[in-house]
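Engineer: Below, each chain spelled out in residue letters.
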Amino acid sequence: MEIRPEILIVILASGIVTLLPRVLPLMVLSRFQLPQVVADWLKHVPVAVMSALIAQSLFLADEKPVAGPTLEMAAALVSFWVAVKTRSLLGTVVAGVACTMALRWLF
Amino acid sequence: MNGNIGIAKGRNWFLEGVKACLPTLLGYFSIGFAAGIVEKTAGLSLLEIALLCLLLYAGSAQFILAGMVQTAFSAVAVAVTIFFVNLRHLLFSAALAPYFRGTKPAENFTIGALLTDESFGVASDYASRHGAINEKWMHGLNVTAYLGWFAANMAGALIGQYIESPTAWGMDFALPAMFIGLLVMQMQSRKELSTDITVAVVAAVAAVLFSLLVSSSVGVILATVAAATFGLGVERWKSARKS
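These protein sequence lines are chains X and Z, in that order. Just so you know, our numbering puts 99 at position 99 of the first sequence, and the rest follows in order with no gaps. Just so you know, our numbering puts 208 at position 208 of the second sequence, and the rest follows in order with no gaps.
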């Protein structure tokens, strides 16, 4: 039950880089408008970053390619299907976790 | 909604914001609970987890931080990865800014600091239906989510001590599942499916390649920059062909 200095530094650094993009547009955008090309580029960032993170978690393990299809890929397909059908974040997470759990127990 | 305007002055906006948050609380709780377990099993102490929730307050970033501190990590690599993962908040903040033009800077700071995928989703849905957002309503929504997230993480961390292998429960899949949900919902709310799918495929392939060539944290960044630039190019090419 303690706070290690190196962990505190990581939390503070991550907290600051997370806080700035959250706060700055709300505070300054009434006076300053992003150039259109920057705004257009930024629009693609969410889709790109989510997709990159999903690909990493499905196709890599310890920075090496996974061998063949995995249970998680099957769970991801189920999650995609549930997300498209329900449009519910909670539903998607619950379905993904439940599917992963069931598949790991079965195989 | 007859008489809505008449009672507007007497409305408890904060409480209405709290109520607007309730449907998402279950989502915060399941992901926060999973995050608490993962953070605890990654070797973080309860105090560190509490600080993490209160100072970082971002689900995916907390999972990533928990994963990265288990190995020999560099604070810069963690912060840079999390900066890119959370850069989407820039768009949320920018999109909500027009609704809070008359709000005090300190209040805008608080609203921005507590923005999440879910609170942005609820707020932008509300804004599209009502045309305006009361800042106290926004505070009610944000503070409820913040406290719910904190409680869920602590519950996960406490109970996680007694769960020997959270992977058997599939809890580690909560993060990819959340990204899948957010990706699909983002694509559904925009009307650019073909461009979005192209960007997503480029990002996925680039993420795997760059991760193998460099490292996974730099890989995410390079893949994001490459795919967003590609998306911008596709968009420009499409509009050039139309005109």
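Note that these hints are calculated values from the structure, not bench results. Treat the hints loosely; a few may be bogus.
If you want a taste of the chain Z side facing chain X, the calculated C-beta under 8 angstroms gives, among others [claimed, not checked]: (1) Leu47; (2) Val85; (3) Glu135; (4) His139; (5) Val143; (6) Leu147; (7) Gly148; (8) Gly219.
Here are the simulated distance ranges between beta carbons [claimed, not checked]: (9) X:Ala67 to Z:Arg101: 53 to 59 angstroms; (10) Z:Ser189 to X:Met73: 32 to 38 angstroms; (11) X:Pro69 to Z:Val214: 24 to 30 angstroms; (12) Z:Ala106 to X:Asp62: 42 to 48 angstroms; (13) Z:Trp237 to X:Ile3: 16 to 22 angstroms; (14) X:Asp40 to Z:Pro98: 14 to 20 angstroms; (15) Z:Leu209 to X:Pro69: 34 to 40 angstroms; (16) X:Val66 to Z:Arg101: 29 to 35 angstroms.
Think of the CB as a built atom: it goes at the ideal place given N, C-alpha and C, for glycine as much as any other residue.
Engineer: Work down the list of hints and note, for each, if the structure agrees.
Structural biologist: Structure-based check of each hint:
| no. | hint | verdict |
| --- | --- | --- |
| 1 | Leu47 | 5 angstroms, holds |
| 2 | Val85 | 6 angstroms, holds |
| 3 | Glu135 | 11 angstroms, violated |
| 4 | His139 | 13 angstroms, violated |
| 5 | Val143 | 15 angstroms, violated |
| 6 | Leu147 | 18 angstroms, violated |
| 7 | Gly148 | 13 angstroms, violated |
| 8 | Gly219 | 7 angstroms, holds |
| 9 | X:Ala67 to Z:Arg101: 53 to 59 angstroms | 55 angstroms, holds |
| 10 | Z:Ser189 to X:Met73: 32 to 38 angstroms | 26 angstroms, violated |
| 11 | X:Pro69 to Z:Val214: 24 to 30 angstroms | 26 angstroms, holds |
| 12 | Z:Ala106 to X:Asp62: 42 to 48 angstroms | 45 angstroms, holds |
| 13 | Z:Trp237 to X:Ile3: 16 to 22 angstroms | 51 angstroms, violated |
| 14 | X:Asp40 to Z:Pro98: 14 to 20 angstroms | 18 angstroms, holds |
| 15 | Z:Leu209 to X:Pro69: 34 to 40 angstroms | 20 angstroms, violated |
| 16 | X:Val66 to Z:Arg101: 29 to 35 angstroms | 49 angstroms, violated |
Hints 3, 4, 5, 6, 7, 10, 13, 15, 16 from the list above are not met by this structure, while the remaining hints are.
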